[in-house]
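> With the sequences and hints as input, model every part of the structure.
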Amino acid sequence: MRNLFRSRIFRYGVAYTGLFFLSSILVVGVFYFALFQSVSEKLEDRLLEEAAWLKEALSAVDLSQTVERLNFYIADHTGNPGVYLLLNAQGGKVAGNIDLVPEVTIEQGQIKRFIHQDQSTEVMEVFPEEAYPPLRLMATVVDLDQGYRLIVGHNFHDIDQIKAEVFPVVIKVLLFSLLMGLAVAVFLARRLNRRLEIINRSSLGILEGRLETRMKLTGSGDEFDHLSRNLNRMLDRIFYLMGSIKGVTDNIAHDLRSPLSRMRSRMEVALIADRSVDEYKDILADTVEDTSSLLTTFNALLTIASIESGAGRDDFQPLDLAKLGADTAEMYHPVLEETGHWLKTDFSGDLKMTGNPNLIIQALSNLLDNAIKYTDTPCEIVLTIRRHGTSLIVEVADAGPGIPAAFREKALQRFTRLDESRTRPGQGLGLSLVQVVAEVHGGTVRLEDAQPGLLVLLEFPCLDGH
Amino acid sequence: MNVLIIEDDKQAAGYVGKGLTESGHTVSVAHNGDDGLMMARSGNFDVLVVDRMLPDSDGLTIIKTLRQEGTNTPALVLSALSEVSHRVEGLTAGGDDYLTKPFAFTELLARLEALVRRANPEAAVKEYQVGDLHLDLLTRQVNRAGNDIDLQPREFNLLAYLMQHAGQVVTRTMLLENVWEYNFDPQTNVVDVHISRLRGKIDKDYDTSLLKTVRGAGYMLEKP
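Chains W and S are the protein sequences, given in the same order.
Residue numbers for the first sequence follow my numbering, so the first one is 1 and each next one is one higher.
Residue numbers for the second sequence follow my numbering, so the first one is 1001 and each next one is one higher.
Check before you lean on any hint, since a few could be wrong.
[As the list claims (entries may be wrong)] Partial list, computed: chain W residues near chain S (C-beta under 7 Å):
#: 1; residue: His226
#: 2; residue: Met331
#: 3; residue: Ser365
[Claimed, not checked] Listing some non-contacts, in silico: residues in chain S with all C-beta distances to chain W over 10 Å:
#: 4; residue: Gly1017
#: 5; residue: Gly1024
#: 6; residue: Gly1043
#: 7; residue: Asn1044
#: 8; residue: Asp1046
#: 9; residue: Arg1052
#: 10; residue: Met1053
#: 11; residue: Thr1100
#: 12; residue: Arg1117
#: 13; residue: Leu1151
#: 14; residue: Tyr1182
#: 15; residue: Asp1203
No lab work stands behind these hints, which were simulated from the structure alone.
Think of the CB as a built atom: it goes at the ideal place given N, C-alpha and C, for glycine as much as any other residue.
Given below as structure tokens:
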């Protein structure tokens, strides 16, 4: 129950119900009073009309006939009983259906409401029992000849009675709506909490180490399903990254262990016996070279990390991919000659863009490097740079063994080397670096089949039209 | 050369200092920014090695302050951050070169020597001569022992840079930055291949080699 009161949804529900209740009271109250106001105005109009009619009817005849006419009128109206009292100039009763003269003084054309304590039998006969006593009167006066006055009154007991009957009903309806509102609030809170509870429990499961836990979907496609689906996607992504970090850690350990253990055994062997200065120098020089390969690995990692953090973006400048491509080709020309590969370049269209030239030439050089490194027999390498719509596309195709489709995504991961023995040179960072360079420029890398060989597609968007 | 190292990591400063001393240079060390600034103001140093992150101040601020005061001793900024933007920031603040940690000592030494040489330019050089190798910057002619050598434009620039720094170690990174004007780490040592081609043209047919490989460091063009 405490949970229920803490529930945000329940609180909203209660607040809404409260507001609804208050506005209902207001609406019903206004309606209630307006209704009775209009009813009593109608009654007053009717009373004045009747008084006017009586004045006309009674003034037309002389006094003796007046009493007769009035008695006749009263007798004729027993079904709709009014109060009639004809007084002489001294204020004594001449005729009428009540005995007691009201103490209230009323002028002609005026209406007064008062309680009339008249308990005469005559009155008891005229009015139904429940309306009596006392009489609740709405009365006016008609002035006649010779100081005679006729008091005409209506009992507004009826209105009071309707009021008395309607009021509890109104209260009951209001209370019922309040209870219904609260019930709906509880129901909604319970129901929504149950949905949230499923998500909460799944999160707790993950916290407790059951990493494969996922949020259950109800299949209704509602916002909870939507949230759950996104959370599941996020979890999938996190666990994918966790997995790849683990893979990376294993691979780093392997890559760093080899040069380290090589250095260690070299130095251990050096310590076994006394050696000449030249021998020591050689051993140290070899060690220095091993450390520089370690440094290279670390630097490559740091570079990837810093590019990923967007650092290179500060150095973005207008550049011409054709120039970068030509520079890379020129730089690799002697390397290609040594290995026996031959490079075909094809740059076409306007290849200007905005980017970091150092990062892009790093990517181009890594791609050429890979093409040379992973093709065992010399073959043709094609470097194409072209414009495609608003994008610039760099393609590096080799005619080597290529990468099977299933391994292409893995090949872009850090420290991945597709030869499990990890005997080829390199840190397995080349393509990852290409990928982060592409990403920092808002672009993408795709590996495809060059038939035969590997085709790497590097796409840079040129949003600024360059 | 007379070097001032401003570096709070005492061990790192010690190694660098020892390396420089053993390479025949004079070394002073300051372990914080205030001492470093005070010592640098004396102006008796040929070059400063300034760590970017000091406990009491930013290495770049020290260099900026010195430049405003009119001390133009060239400086090399050491930065633990490999971000390219920080490199650029280091240069525009008046530092003359930068190096990111972790670095190889030989790289540091080579860059310091290049910095000092750059700070003391020889009057308008038109040609270089190392042993019997001659390079003319105006006609872009190269000959050795009287024989013309035909070089590609890039090879010419490469040789010119090596000759400009004759007798000094020049690292691969320095060559990439100055000859190709790019700053990146090629996986295959592209520079080595270019050097070996250049060597084929200037050294192969002669008894003495001028272009030497310095193991673990880079290259040096030197009189035999």
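> Each hint needs a verdict: does it hold in this structure or not?
These are the hints, each one checked on the structure:
Given the 7 Å rule on beta carbons, the hint for His226(W) is violated: about 38 Å separates it from the nearest Cβ of chain S. At about 5 Å, the closest approach between the beta carbon of Met331(W) and any beta carbon in chain S falls short of 7 Å, and the interface hint on this residue holds. Among the interface hints, the one on Ser365(W) holds; its C-beta lies about 5 Å from the nearest C-beta in chain S, closer than the 7 Å criterion. Every beta carbon of chain W lies more than 10 Å from that of Gly1017(S), the smallest distance being close to 19 Å; the non-interface claim holds.
Distance to chain W confirms Gly1024(S) as a non-interface residue, since its nearest Cβ pair spans about 18 Å, more than 10 Å. The beta carbon of Gly1043(S) sits about 33 Å from the closest Cβ of chain W, which is more than 10 Å, so the claim that it is off the interface holds. Distance to chain W confirms Asn1044(S) as a non-interface residue, since its nearest Cβ pair spans about 32 Å, more than 10 Å. In this structure Asp1046(S) is separated from chain W by more than 10 Å, as the shortest Cβ-Cβ distance comes to about 26 Å.
Against chain W, the non-interface label of Arg1052(S) holds: every CB pair exceeds 10 Å, the least being about 14 Å. The claim that Met1053(S) lies off the interface holds: its Cβ sits roughly 15 Å from the closest Cβ of chain W, which is beyond the 10 Å cut-off. For Thr1100(S), the condition that its CB be more than 10 Å from all CB atoms of chain W is violated, with the nearest at approximately 8 Å. The claim that Arg1117(S) is not at the interface with chain W holds, since no C-beta of that chain comes within 10 Å of its own (minimum 24 Å).
Here Leu1151(S) stays apart from chain W, with its beta-carbon at least about 13 Å from theirs, past the 10 Å limit. The beta carbon of Tyr1182(S) sits about 5 Å from the closest Cβ of chain W, which is not more than 10 Å, so the claim that it is off the interface is violated. Distance check on Asp1203(S): its Cβ is at least 16 Å (rounded) from any Cβ of chain W, clearing the 10 Å threshold; non-interface status holds.
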